[in-house]
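Residues 1 to 418 in our numbering are what the sequence shown lists, from first letter to last.
No lab work stands behind these hints: they were computed from the structure.
Just so you know, not all the hints are guaranteed correct.
Unchecked claim - Taking lysine-lysine and the BS3-like style, the derived pairs with C-alpha atoms no more than 27 Å apart in a straight line are:
#	residue 1	residue 2
1	Lys324	Lys191
2	Lys223	Lys109
3	Lys67	Lys223
4	Lys306	Lys338
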Amino acid sequence: MTLHVSTSTQHRVAVIGGGPAGLMAAETLLAAGVQVDVFDAMPSPGRKFLLAGVGGMNITHSEPAAKFYRRYGPREAALAPMLDAFNADALRHWVHGLGIETFVGSSGKVFPREMKAAPLLRAWLARLREAGMQLHVRHRWEGWLADGSLRFSTPTGETHWQGCAVVLALGGGSWAKLGSDGRWLPLLGEKGVDTRPLAPSNCGFERPWSDHFASKFAGQALKGVTLQFADACGQPSQRRGEFVVTATGVEGNLIYAYSAAIRDAITRDGQATITLDLLPDRSLERLLGELQRGRGAASLANHLRKQCGLDGVKAGLLRELLDKDSFNDMARLAQAIKALPLTLHAARPIDEAISTAGGVRFEAMDEHGMLKALPGVFCAGEMLDWEAPTGGYLLTACFASGRTAAQGVLHWLDRSTL
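Construct the entire structure; sequences and hints are all you get.
Structure follows, in structure tokens:
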């Protein structure tokens, strides 16, 4: 199927999806003088973007480019050209152009000064409308008619649209209530587009706790711990941070940083074992010396708290995972505190995930982001088969890929009108 160019639809492009990737594609096209219709299934655009800003809008990251690019794991090479063209500095400059100031936090993350997504989205939508964007909400894409027209279901019935190109920016499969539900996968699959099933990313994992541990510690954070595991490229890695014990397992930033590797290991082996250093500021030798000091009539719990500051959820986790003999052998206990194995058995459901892996394979597109099986159809954002940890990497690649897709459309229009 090819979208046909006609005199009445010359230089008229549809962007399906009103998230960051779709809106960036629309802006790029509008700047080139193209007529743009943006379609979104929800009552208003950018709903997942707004949710991401509830706890503080992390727009990108300030770390060096080489380290930044490595966050994309096996898809680093595919995303690098997009990021080269629109990197973290370019994104900050773009945000400033909307009248929104940014700052770099202590972790290197970049935030809008007000720490909110809503002012940025309002300013952006106002600029897009002024540039001529036509926004159609409550329009759910349902595929194509035989003549290449786009089908949309709306509250008043089905409607059709035909133009000269389409940018699909439909998101992944997490947070379906915000519009990112993955219902586009079979629509592309039946057209011969090569895709991977969606899988949860930046997600929590399941671990069957005892009733006592879950009831006492669910919702509490293990802070200042180091997690050791192989990274998404299979290289041994460790990172310091924190994560939260849940009633069903674990979640949080430190877990999310390794979610791709943990998920893939579970898929391959049926489980994955991460290793935790509960006291990374103490050497094994120092810790063993502290534990071996006489404790008199004090309980072991008080001994751990007074000698090495280990109590609360950290001490509870030791009790949960170790047998009694380990607590009677200070050498084994010290070793466990410095290298505590925690086995995880399954990822939490995809709709709970912050983002998803899988989607349209890069191999299914040409160098301009156009689907090889569907000339005139371009893809951008989280619906592409890539993933990254939280920290601004997800949004940066969504913006960059939206811009790349739009530039691909412009190349297509130039070629089509020769």
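Consistency of the hints with the structure:
no., hint, in the structure
1, Lys324 <-> Lys191, "59 Å, violated"
2, Lys223 <-> Lys109, "19 Å, holds"
3, Lys67 <-> Lys223, "24 Å, holds"
4, Lys306 <-> Lys338, "18 Å, holds"
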